[in-house]
Amino acid sequence: MIRNNKERLRKRARAEWRFRSYGILSLLFAGAALVFLVSTIVSSGHAAFFKTTIELEFPLGAERLNIETPYTRENLLAGNYYTAAKSSLYALFPEVTSRPEKRALSKMLSPGAELELRDYVINHPAEIGKTVTLEVPVSSDYDQLYKGHLPRTGTHTRLTEQEMGRFDQLVEEGYIHYRFNLGFLTGPDSRYPELAGIGGAIAGSFHALLVCFLLSFPLGIAAAVYLEEFSKDTRLTRMIEANINNLAAVPSVIFGLLGLAVILNVFGLPRGTPLVGGIVLALMTLPTIIISCRSSLRAISPGIRQGALAMGASPVQVVFQQVLPAAMPGTLTGTIIGLGQALGETAPLLMIGMVAFIANVPATPLDSSASLPVQIYLWAESAERGFVEKTAAAIIVIMTFLILMNLLAVIIRSRTQTKVE
Amino acid sequence: MNFNTVYPMNEVTTAAALVDVNAVEVGLRAVSSPGLTAENVNVYYGDIQALQDVSINIYSKQITALIGPSGCGKSTFLRCLNRMNDVVDGCRITGNITLNGEDIYASDVDVVELRGRIGMVFQKPNPFPKSIFENIAYGPKIHGLAEHRSDLEECVVTSLQKAGLFEEVKDRMHQPATGLSGGQQQRLCIARAIAINPEVLLMDEPCSALDPIATGKVEDLMWELKENYSIVIVTHSMQQAARVSQRTGFFHLGDLVEVDSTENIFQNPVDSRTRDYITGRFG
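Each protein sequence line maps, in turn, to chains E and C.
The numbering of the first sequence is my numbering, which starts it at 1 and goes up by one.
The numbering of the second sequence is my numbering, which starts it at 422 and goes up by one.
Keep in mind that the hints are not guaranteed to be accurate.
[Stated by the list, open to error] No farther apart than 35 Å at their CA atoms in a straight line, the calculated lysine-lysine pairs in the DSBU-like style are these:
id, chain 1, residue 1, chain 2, residue 2
1, C, 647, C, 591
2, E, 232, C, 591
3, E, 232, C, 562
4, E, 147, E, 86
5, C, 647, E, 232
No wet-lab data here; the hints were simulated from the structure.
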């Protein structure tokens, strides 16, 4: 009898040990997958936060730049900076004289070099006539070469021996610099990988989320409060409840089609704008907010309602002065998670046309704009080698925003928890 | 509101009403006019009758205890007195309840104002999840009793003083009320109820969630409060009813069996059911 018991205890201990090890194993597996994912993205994306520049001397003669007096903005914009930028580069290689060789050499400069020179002159008209030293971006192939992403030999190499040799010479002589690329975070998209930035997409996503929040938060709370606190339990309200729960599971592309059919075609709002994107995302986020708000309302102790009623508060006062404020932390947590989902949504934005190439940063929700997930989609589809690191870097940016939003939700939750305890 | 009142009330004199009339004649310490009067109150939850022809007078500046086994309807009756049953789905009340001669179920009665005159304290302490100050200030705010911030602060302090809680919480007025102990929370709820200066205070088993020390404090408080308010307390503890009340009503299966001075109920009950309950034969 006693031995039997021991046997059973040993079996039970073994089963518990087994269960624990399964748990630890699956945790390890999930952790490894996460580490692999994050390290892949970071290792291929971190380089996009840096750019390769070349230090050149620019003699800013008015004739050389073909600028007419007076130095108004229009006259300065009309100058010929292209030739000026190229000739500054040729000056480093006096041995290059033939036209084809010069053309090949000029490809080392990014089109951004000309633009930076122009912007410098516009911002410093007093410098005209002097000679300045500026760092301007090199083109994507040389940028990739410097970062070590472009193979020097084999079929995939894109530069000739001579081109690489000239670049290496510049590196040795100290003309080439490796700088933090602020333009990537603030600038708009570009056809040229070395100039493409994610600022436009960040602004577009921000405007869309703002519209989404302003629409879905008040609407969601109003719907949740009505359903939870005031509506009678009828067949109609039960049907509405079931449908709200179903809406949360509808594929997002369907919301996009709805936006295309109704918001764009019937109401005629401007296509491809964060306004329309935000409206569609609000439709998607509403069920999440309603469900989280209702469950937080339900979790408020009935004692609080009774207490407030007994103090002589009207039912509306009870809800808006006692119950809803108490349910706010849970509702906000749900809202932030819903907005996080909305931030990552791609399909509905493709449907309403937020997929166009936009080369400026949108100032208002009414300007056509890209958004973060769509920008990732667009860059991932681009053929140029330089966009690979941009895609990964954009993923880093969107994941950072998501982590920050979830962190905010956690902070709100833990702060109110300690307050109640 | 999904709630119907049937008027006029039926005029049949019931046994319960007779008992009550006798009680008035038998034992009263402080003779005063009945502040709150219930006549032939019937309560139905759907098809189930929860109270049957309950008639009772609640005298002012006295504590009236309602005792009886679980489910006998004493809490239901208490909730009729400040119309808290209004919000219960399918609840129907007939009969007549008057406060100083005014029918509290009349169509022109404002429930908000009524609940300002008849306060309530619940079984489980239910402070609002706000600061101690905000808990007390809530009632005066919604009833418009304090015009200035200084009036409000004064009202909060006096209410806490009356509830004997001020010394314990004066340094943490703006900290969450949920951080107080159970007994403190319950006294906070009492302070909250008296902050709007009600005429009647209803207490639904106010000590059942408290330990004996906290219970003692709440009972002492009730003794002090009875100088100014009429108090109705529902309790499961016969000792508590005997300790604090001047009059006691015994409920059984939705009937108010007997109501009399507390002394008579505990020493000389008329009805055999009361006697059985008090001596612990059932309940």
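Given hint residue 591 of chain C paired with residue 647 of chain C - CA-CA distance at most 35 Å: holds, 25 Å
Next pair to validate is residue 147 of chain E with residue 86 of chain E; report whether the Cα-Cα distance is within 35 Å. Cα-Cα ~23 Å, so holds.
Agreement of residue 232 of chain E and residue 562 of chain C with the hint, judged by alpha carbon distance not exceeding 35 Å: holds, 30 Å
Are residue 647 of chain C and residue 232 of chain E close enough, with their CA atoms no more than 35 Å apart? It is violated: about 41 Å lies between the C-alpha atoms, which goes past 35 Å.
Pairwise hint evaluation, residue 591 of chain C against residue 232 of chain E, where the allowed Cα distance is 35 Å at most: Violated, at roughly 43 Å.
Comparing the model with each earlier hint shows violations of hints 2 and 5; every other hint is respected.
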